[in-house]
Amino acid sequence: MNERRHRIALLGLWIGVLLLLFRPQLHGMDTIAYYSWLRSGIIQGSLDVSDEFAHFGYLAERGRSPTGYRINEWPVGPALLWSPFFLAAHALVRMANRLGIPIAADGYSAPYPMFTALGSAFYALVGLELLRRTASRIVTPAPAFWGTITAWLASPLIFYMSAHPFMAHAVDFFIHTLFWWEWMRNNPASIRSRFRLGLIGGLAASVRYQNVTLLIWPALEDLASFLRQPWERWLRLLMLGAGAGIGFLPQMIVWRVVFGQWVVGNPYGIAGAGSFDWRSPHFLDVLFSTDRGLFLWTPIAAFALLGILGPLHRDHPAWARALLGQWFLQVYIVGSWSAWSGAAAFGPRLLIGLVPIFAFGLAALYALGERHWRMRPVIVLSLAAILWNLILLARYGLQDVPRMGPVPLEDLWLGQLTFPLRLLGRMGTLWHALLRQTP
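Everything in the sequence shown is counted per my numbering, starting at 63 for the first residue and increasing by one.
To be clear, the hints were calculated from the coordinates, so they are not data collected in a lab. Please note: incorrect hints may appear among the correct ones.
So the derived label-pair ranges between C-beta atoms look like this [to be verified]:
| no. | residue 1 | residue 2 | range |
| --- | --- | --- | --- |
| 1 | GLY459 | ILE77 | 15 to 25 Å |
| 2 | GLU65 | ALA150 | 49 to 59 Å |
| 3 | ILE315 | GLY372 | 20 to 30 Å |
| 4 | ILE77 | LEU371 | 41 to 51 Å |
| 5 | GLY372 | GLU472 | 41 to 51 Å |
| 6 | ALA153 | MET466 | 49 to 59 Å |
| 7 | LEU311 | ARG383 | 43 to 53 Å |
| 8 | LEU82 | ARG341 | 39 to 49 Å |
| 9 | LEU282 | ARG247 | 52 to 62 Å |
| 10 | GLY459 | GLY327 | 18 to 28 Å |
| 11 | ALA150 | ASN248 | 40 to 50 Å |
| 12 | ALA71 | ARG126 | 27 to 37 Å |
| 13 | LEU485 | GLY322 | 36 to 46 Å |
All values reported here derive from a predicted model rather than from experimental measurement. C-beta atoms are modelled at their ideal positions from N, C-alpha and C, and glycine is treated no differently.
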């Protein structure tokens, strides 16, 4: 399958996922908070989200900051990335009004959430194509393609780009992929490429605060080779920092206006939404708990880890170390948070930014398989992992597993085998009932 066919297949799968799962509905505190920045900034020209919280019924539980603004501790990055789609909806609504079609240009009517949700799905698609291209730099096209679609369809990303698109996770995946793509395609780095990388890293930190760790790896790369080209390395570090500062500046402005500070150490703590213990007491829970633990809910991640530790580290050691370091730090940070499981969540949603790393590890593992056994075992493993995730997604949607909290291990794993049989039994019962009602 050549490059063109890979792109077409990726697009076809993306369309299929949207046809089956796309649901542009705002529900839950997180989605309301992200969307409130967007609507308040564009429609009202203000950072006071009181009207939005009142509209969605959350005003009573949200206090005011020392500056008098309604507290919204969620980052502003998703709203920035969604803004072109929201503005397109606004322009379309205004045009419809001029044609005599009565659609409220208030940021709440149907076109606004529809276009914004499509924005999340679009960013996921662009991220997937960038991910496939980046993986193709380290392996041949077929393992890169299968690594990409497996990391996507066998992880929570499939759910959060379609059925729950107002969360930050789809744009989080995109910005991570953009960062790794920019870094890998500029090796050795130039001063300009370091500025662009810093800009992406700063924006990534305004999508999810924990993403600031991305900037560590190019900085370490420059410091490691400092003695060879000291002045150029200093300039690269300077431009990396300058780009990061500019990329994160919108978030700092929001903090300054809303909280009265340029830098807020723990915005969630201000609202009583969670505390951090930097001993990371939940590190192992993040990986192994039945309450959304990575390896139990997304077992393909274990194969990805093998790919990074094995063939990828052998062929691209510096790259593999950066990916492993980012993986470790993300698990460490999430494990330090009192809300480490993500509450109501399909799988380990707080680690969706690691999906590109899963893809690189799987691509390296699949390339090894391609050399020894061709692609058939690779395809079987991918399809099995995707089927596992789709069954789990169906169980989550039908509440066969609880939306939050731990799940008994036997229910989580053995239920994957019994659920399809139980579902077929229910469908058979329904079919017989319909036949009995037929005259």
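Verification of the hints:
1. GLY459 - ILE77: 15 to 25 Å: 20 Å, holds
2. GLU65 - ALA150: 49 to 59 Å: With a Cβ separation near 30 Å, GLU65 and ALA150 fall outside 49 to 59 Å, so the hint is violated.
3. ILE315 - GLY372: 20 to 30 Å: Violated: the Cβ-Cβ distance is about 45 Å, outside 20 to 30 Å.
4. ILE77 - LEU371: 41 to 51 Å: 35 Å, violated
5. GLY372 - GLU472: 41 to 51 Å: 31 Å, violated
6. ALA153 - MET466: 49 to 59 Å: Since ALA153 and MET466 have Cβ atoms about 39 Å apart, the given range 49 to 59 Å is violated.
7. LEU311 - ARG383: 43 to 53 Å: 30 Å, violated
8. LEU82 - ARG341: 39 to 49 Å: 42 Å, holds
9. LEU282 - ARG247: 52 to 62 Å: Between LEU282 and ARG247, where Cβ atoms are some 19 Å apart, the hint is violated.
10. GLY459 - GLY327: 18 to 28 Å: About 37 Å separates the Cβ atoms of GLY459 and GLY327, which means 18 to 28 Å is violated.
11. ALA150 - ASN248: 40 to 50 Å: 31 Å, violated
12. ALA71 - ARG126: 27 to 37 Å: 51 Å, violated
13. LEU485 - GLY322: 36 to 46 Å: Taking Cβ atoms as reference, LEU485 and GLY322 lie about 54 Å apart, which means the hint is violated.
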